[in-house]
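Asker: If you're matching them up, the sequences are chains A and B in order. Take any residue in the first sequence, count from 1 to its spot, add 11: that is its number in the working numbering. Take the second sequence: its position 98, counted from the start at 1, is 93 in the working numbering, and no numbers get skipped.
Please keep in mind that the hints were generated in silico from the structure rather than gathered at the bench. Values in this document were obtained by computation on a predicted structure and should not be read as measured data. Virtual Cβ for every residue (Gly too), placed ideally from N, Cα, C. Hints should not be assumed to be uniformly reliable.
Computed footprint of chain A on chain B; a stretch qualifies when at least three of its residues, placed anywhere within it, have a C-beta under 8 Å from a C-beta of chain A [what the hints assert, rightly or not]: (1) 4 to 16; (2) 46 to 52; (3) 67 to 73.
From the structure, some residues in chain B lie toward chain A, with a derived Cβ separation under 7 Å [to be verified]: (4) I30; (5) E34; (6) T36; (7) F38; (8) L41; (9) R42.
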Amino acid sequence: MRKYSIFAVAREAMRGHKGWPQQWTSPEPKKQYDVIIVGAGGHGLGTAYYLAKEHGITNIAVIEKGWLGGGNTGRNTTIIRSNYLYDESAGLYNHAMKLWDGLSQELNYNVMYSARGVMMLTHNVHDVQGAQRHIHANRLNGVQNEWLTPEQAKEFCPPLNISQTARYPVMGAALQRCGGVARHDAVAWGYARAAAARGVDIIQNCAVTGIRRSPSGAVEGVDTTRGFIGAKKVGVAAAGHSSVLMEMAGINMPLESYPLQALVSEPVKPIFPCVVMSNTVHAYISQSDKGELVIGAGTDQYTSYSQTGGLHILTHTLDAICEMFPIFTRMKMLRSWGGIVDVTPDRSPILAKTPVSGLYVNCGWGTGGFKATPGSANVFAHTIANDAPHPINAPFTLERFRTGRLIDEAAAAAVAH
Amino acid sequence: MLLIHCPYCNEERPELEFRHAGEAHIARPTNITAISDEEFTQFFFLRDNPKGIAFERWRHMHGCGRFFNAVRDTVTDKFVTTYEAGQPRPDLPAGGENEKGAGK
Ligand SMILES: Cc1cc2nc3c(=O)[nH]c(=O)nc-3n(C[C@H](O)[C@H](O)[C@H](O)COP(=O)(O)OP(=O)(O)OC[C@H]3O[C@@H](n4cnc5c(N)ncnc54)[C@H](O)[C@@H]3O)c2cc1C
Ligand SMILES: [Zn+2]
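Start from the sequences, fold in the hints, and give me the full structure.
Answerer: And the structure:
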C-alpha cells in the first residue's frame, strides 16, 4: 500500500496523476481461509481489518455478492452519535465514537468525520421528558448530551423555524456536540484498502449461497457462485440479508427486513451547519460537503427486500422538513433510494457467537448501524479471534430473546438512527 | 405505494388505508404460562422474514377495520392473493420457491 500524504500528492501532480496504484486488488478466491466474512459493508471490511491488525489473522476473505460498500454502508445518511439510553448501548456506541476520532489517521484515508453536532428536536411533552431522561442517563454514563431551549436550538441551527404556531413546534432539543457525519463510501474504501494491505482478499461479485457444516455441526466453509470456499470460522455481516444467510445454517433469527429511504437535494452553498433529527415527525437532515441536503425518511410498514420504498414515505418526510425549515420549500430533490434494514424486536444489534460452532453474526443494526461501524467491527473481530465476546458486546447476544435480557432501545427511543 | 385487495370489502384500495400487522399464521399458545422459554422465543420473537413469498397479516384500518391475510412476494412487493383471517394458507402455484423459508 502506498501511503497517501502531501508529498505523494505533489509527486503525482508532477506526473499527471498516472502513478496512483489500485486501492485494493481483486484476487481469485483461495481454496481455504482461516476466516471468511460474508458482506463487504463497513462492518465486514472493518472486521477483517481489525482481525489482521489486532489479532494477527491475515488469511481472510471478505465475500461480497455485489460491489464493496454497495449495501447500506453506501446508502445511509451518515449520522453518527452515541446518546442511546442504556448502559450496554453507551458502552458500544461510545467505543465507536472513540474510534471515529482518529480513524482517518489510522487508515491513512480521509473518512471526513466531522463532529458538527447532532441536535434532536422535541415537539411535545412526551418528547421533552424522553429527551431529558436520555440526557440524565447519558451523563451518568459519561456520554455527551445537553439540553437546549428553542432559542438556543435556533442559535445552533439558524435555518430552524421555532415559531410556536408551527405544525410541529420546537419545545427544545438534545444536543450531542461530538456527534456528526462521515463520508460513508470512504469508510468502506478506507477499511478495504487497509485490510487488503494486510493481506485480506476482498472477493466481489460473489454471492454466498450456502453455509457448509461438518457431521459434528461445525462450520466448514461457504458455497458461493464461484464455488466452495473453506474456512473453520465464518462471520456474517450481511445487514438486511442476515435472515437469508443464517437460514443457510438452519438458524431462525429475531429479525425483520424493511426498506428505509433517503434522498438528496440539488447542491447549494453551505447553509446547514449541523445534523438535525426529529424522531416524532420522522425527518433527519444535514448538508454534505458537496452541498446537497441529505434527508432521511422512515421505513415502510411492510417487510421487503425490494430496495424501493413507497413514495408517501418520502413526501411525509419532506412535509416535515419544509415545516421545520421553511427556507427549503423551493429546493429541488435530485435522487432518492432505499436500503434494506434488519430490525430486531428491541432495536439493538446482535453481535455474537451463534448456536453453530464457528459461525458468528453481526446484524440487527436496523436503521442506525453506520455510526457504530468502527466499534462494531473492532469487537466483532475480537469475538471471532477469541471465540468469545469482548466485554463491550457481551450483552448483545442472540440468547437475550430467550433470557429476556433485552436492550430495549425500541421502547426507549421509539426510533433508531 | 401498494394497492391492496381487501377480501372483506372486495375492493382494491391504496396502502394508506391499511396497517401491516406482521407475519401471519402465528397462533398464540393457549397454554402460554406452561410453555418453555424456547417455545416462547419462537412464538414471540423469531420470524421467517422470507426473501420471496411471505404470508402476512394486514388490517383495513380506514375501511372495514378487519384483519385479513395476504401472500406477497417480498422481492417484487407484488401480492399473490389475499384471504380472510382464519382460513388456512392457500396452495400456491408452482415455482414460488424462496431463497428463504417458504411457508413452513
Ligand atoms: C436510507 C438509510 C439511512 C440510514 N441512515 C443511517 C444514519 O444516518 N446513521 C446510522 O448510523 N445508520 C444509518 N443507516 C443504517 C446503516 O446504513 C447500517 O446499519 C449499516 O451501514 C450496516 O452496515 P453493514 O456493513 O452491516 O451492512 P451493508 O453495508 O449493507 O453490508 C452488507 C453486505 O452484505 C452483502 N450481502 C448480502 N447477502 C450476501 C450474500 N448472500 N453473499 C455475499 N454478500 C452478501 C450485501 O451486498 C452488502 O454489501 C441507514 C440505512 C439506510 C438504508
Ligand atoms: Zn375492508
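Asker: Indicate, hint by hint, whether the structure satisfies it.
Answerer: How the hints compare with the structure:
no.	hint	in the structure
1	4 to 16	holds (count 4)
2	46 to 52	holds (count 3)
3	67 to 73	holds (count 5)
4	I30	violated (12 Å)
5	E34	violated (10 Å)
6	T36	holds (5 Å)
7	F38	violated (11 Å)
8	L41	holds (5 Å)
9	R42	holds (5 Å)
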